[in-house]
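Enquirer: Below are the chains, spelled out letter by letter.
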Amino acid sequence: MPPLRELQQRFASRLLQTDPASVLDWICSDGISALARVEIYRNNLHAGFSKTLELEFPVIRRLVGPDYFRQLTLAFLARHPSRSGDLHHVGAPFPGFLQQQLANTEYSYLADVARFEWAYQECLVAEDAECLNPQTLRDIPMDAYPNLRFTIRPACRLVDSPFPILRIWQANQSDAEVPDLIDLTTGPDHLVLMRTPAGFNLSRVPAGDFQLLTAFAAGQTLERALEAALGRDAQFDFGAALRRCIGLGVLGYTTFN
Amino acid sequence: MPKRAALAGIGLRAQHHTEILSRLPPVGWFEAHSENYFAASGTHRAQLLQIRRQYPIGLHGVGLSLGSTDPLNREHLLALRRLVRIVEPVFVSEHLSWGSIDGTYLNDLLPLPYTEEALGHMSARVREVQDFLGRQVLIENISSYLRYRCAEVPEWEFLSALVHESGCGLLLDVNNVFVNAMNHGFDAHTFLHGIPASAVQEIHLAGHTVMQLDGRDIRIDTHSTHVSPEVWRLYAAALSRFGALPTLIEWDAELPELSVLEAEAERATSILESSRAAAA
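In order, the protein sequence lines correspond to chains A and B.
Sequential numbering of the first sequence, starting at 24, is according to my numbering.
Sequential numbering of the second sequence, starting at 828, is according to my numbering.
Honestly, the hints are just simulated from the structure, not real lab data.
Computed from a predicted structure; not experimentally measured.
Where is the CB? At the ideal position from N, CA and C, for every residue including glycine.
Don't take every hint at face value.
In silico lysine to any residue, SDA-like type, Cα no more than 25 Å apart, as pairs [to be verified]:
no.	chain 1	residue 1	chain 2	residue 2
1	A	Lys-74	B	Ala-866
2	A	Lys-74	A	Ser-197
3	A	Lys-74	B	Glu-1081
4	A	Lys-74	B	Ala-867
5	A	Lys-74	A	Pro-89
6	A	Lys-74	B	Arg-1046
7	A	Lys-74	B	Ser-868
8	A	Lys-74	A	His-103
9	A	Lys-74	B	Asp-1079
10	A	Lys-74	A	His-112
11	A	Lys-74	B	Met-1038
12	A	Lys-74	B	His-860
13	A	Lys-74	B	Ala-906
14	A	Lys-74	A	Leu-58
15	A	Lys-74	B	Gly-869
16	A	Lys-74	A	Ala-98
17	A	Lys-74	B	Thr-931
18	A	Lys-74	B	His-1050
19	A	Lys-74	A	Gln-196
20	A	Lys-74	A	Leu-97
21	A	Lys-74	B	Val-1087
22	A	Lys-74	B	Glu-1084
23	A	Lys-74	B	Val-1037
24	A	Lys-74	A	Gly-119
25	A	Lys-74	A	Arg-93
26	A	Lys-74	A	Arg-102
27	A	Lys-74	B	Gln-874
28	A	Lys-74	A	Leu-125
29	A	Lys-74	B	Thr-845
30	A	Lys-74	B	Leu-1085
31	A	Lys-74	B	Thr-1052
32	A	Lys-74	B	Thr-1049
33	A	Lys-74	B	Ile-1047
34	A	Lys-74	A	Phe-223
35	A	Lys-74	A	Pro-104
36	A	Lys-74	B	Ser-1051
Covered, in the sense of this in silico footprint (three residues per stretch, anywhere, with C-beta under 8 Å from a C-beta of chain A), are these stretches of chain B [claimed, not checked]:
no.	region
37	928-934
38	967-976
39	1040-1051
All chains, full assembly: derive it from the sequences and hints.
Expert: Now the structure itself:
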């Protein structure tokens, strides 16, 4: 009798085809072969995995077509099998996988669209948090400003791309009208995604604002974040950028010490 | 949920959240897949808590991989415990199955070999989860498409021994009993009479499909269609053995309008009422 652990290892290897060691000898072939029986589970695995990614990356599926999408998901499964009993995590490495697969091809923009779709998924389940009350900034002494750290609210993601990914995403929503051809050279896009109680906000922001927010998200001080923003845009106007960011409701709280 | 108020409920799916909250359909309760609400926040989680204010909720897990020989996934258990504390569900249930090994998840309900070793392992795991959550867990029988040569006892004997050794309750999936009876050639009533009546606390009903393999029929638990006539009949037989128990309609793939699920739940309600009348 096979030990339970070995049986499970061989069964999983058979489903993932990572090991020739076979579980088939341990399975009854009454009427239907052991092979055909195990195939049911392999098909379930493939179908469940593809379905999950289909729900998380509907625009990618629409762009590449259902057949190629399924091929992509199976290649992805072989490289990145699930590491959680909660299927909501399986899509996390998919944008990076697409980037590797499509690097230096005319389809490399798909990886950026996938990053946008995953950011959207993350926003859906992120924590709610209060947005920054601008009044609190008045209580901060001027000399503390260089060391000020702004946070980005949890249900907010920053995505940028050399391609016009927001237009691509919008044109491929299920309720979208059939779009004109989108010129891939009409990027770049610097995008802020945010879930609010009222729904999703998708905003294009200036490159300097995006750089500032990216630095805030990385936990950098205002001084460092400003350097980064000025590095991107020599005309960067912090006051105006801060007003825009507060207007978008992107900022969480601030700390200084 | 007290047995005297046994009602029919519907599996809660995110596509129906908004309609449920706006219309408050006349169903007895809802059952949520625990993993769908593990996220700390978000729209779906908030809606679940709103629905919780109007209806009893059961939490049904699909990803704990109870029968796996890997250590129990601590992160998963912690997420489940957090959710249980917030939702205060009427039931917490999982499956007699495994779904992961060496840290890789197949995200499916895979059958265990019904051996002494598997029983000892599964019992210890169920006890561990019950201790961790501080409450009893219901274990559900699964549909299976294969049997292992090393099996020592039939499924119902394994379940009975599991109840005895772990103190768990049973979630009886009548569709899975029927599917397995057809797939593996046993009498579904033998199954019903082979499990301890006092342990069964909840019933699941779902639709399955029939496919052909090697020229033979095999039934697949797809949760994609109406409960079959044979399963409705077996449900009535189950109620006459176990009494009127909270019953849940499950539908996952090709999810229809909420009203279709309500109609299935209504049908279960009328069978529950007949069973109560017959017992009175």
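Enquirer: All hints, please: hold or fail.
Expert: Hints, verified against the model:
no.	hint	verdict
1	A:Lys-74 to B:Ala-866	20 Å, holds
2	A:Lys-74 to A:Ser-197	17 Å, holds
3	A:Lys-74 to B:Glu-1081	12 Å, holds
4	A:Lys-74 to B:Ala-867	24 Å, holds
5	A:Lys-74 to A:Pro-89	11 Å, holds
6	A:Lys-74 to B:Arg-1046	21 Å, holds
7	A:Lys-74 to B:Ser-868	23 Å, holds
8	A:Lys-74 to A:His-103	16 Å, holds
9	A:Lys-74 to B:Asp-1079	12 Å, holds
10	A:Lys-74 to A:His-112	13 Å, holds
11	A:Lys-74 to B:Met-1038	20 Å, holds
12	A:Lys-74 to B:His-860	17 Å, holds
13	A:Lys-74 to B:Ala-906	24 Å, holds
14	A:Lys-74 to A:Leu-58	24 Å, holds
15	A:Lys-74 to B:Gly-869	22 Å, holds
16	A:Lys-74 to A:Ala-98	14 Å, holds
17	A:Lys-74 to B:Thr-931	18 Å, holds
18	A:Lys-74 to B:His-1050	15 Å, holds
19	A:Lys-74 to A:Gln-196	18 Å, holds
20	A:Lys-74 to A:Leu-97	11 Å, holds
21	A:Lys-74 to B:Val-1087	23 Å, holds
22	A:Lys-74 to B:Glu-1084	20 Å, holds
23	A:Lys-74 to B:Val-1037	21 Å, holds
24	A:Lys-74 to A:Gly-119	19 Å, holds
25	A:Lys-74 to A:Arg-93	9 Å, holds
26	A:Lys-74 to A:Arg-102	17 Å, holds
27	A:Lys-74 to B:Gln-874	23 Å, holds
28	A:Lys-74 to A:Leu-125	22 Å, holds
29	A:Lys-74 to B:Thr-845	23 Å, holds
30	A:Lys-74 to B:Leu-1085	21 Å, holds
31	A:Lys-74 to B:Thr-1052	18 Å, holds
32	A:Lys-74 to B:Thr-1049	14 Å, holds
33	A:Lys-74 to B:Ile-1047	18 Å, holds
34	A:Lys-74 to A:Phe-223	24 Å, holds
35	A:Lys-74 to A:Pro-104	14 Å, holds
36	A:Lys-74 to B:Ser-1051	14 Å, holds
37	928-934	holds (count 7)
38	967-976	holds (count 5)
39	1040-1051	holds (count 5)
Of the numbered hints stated above, none is contradicted by the structure.
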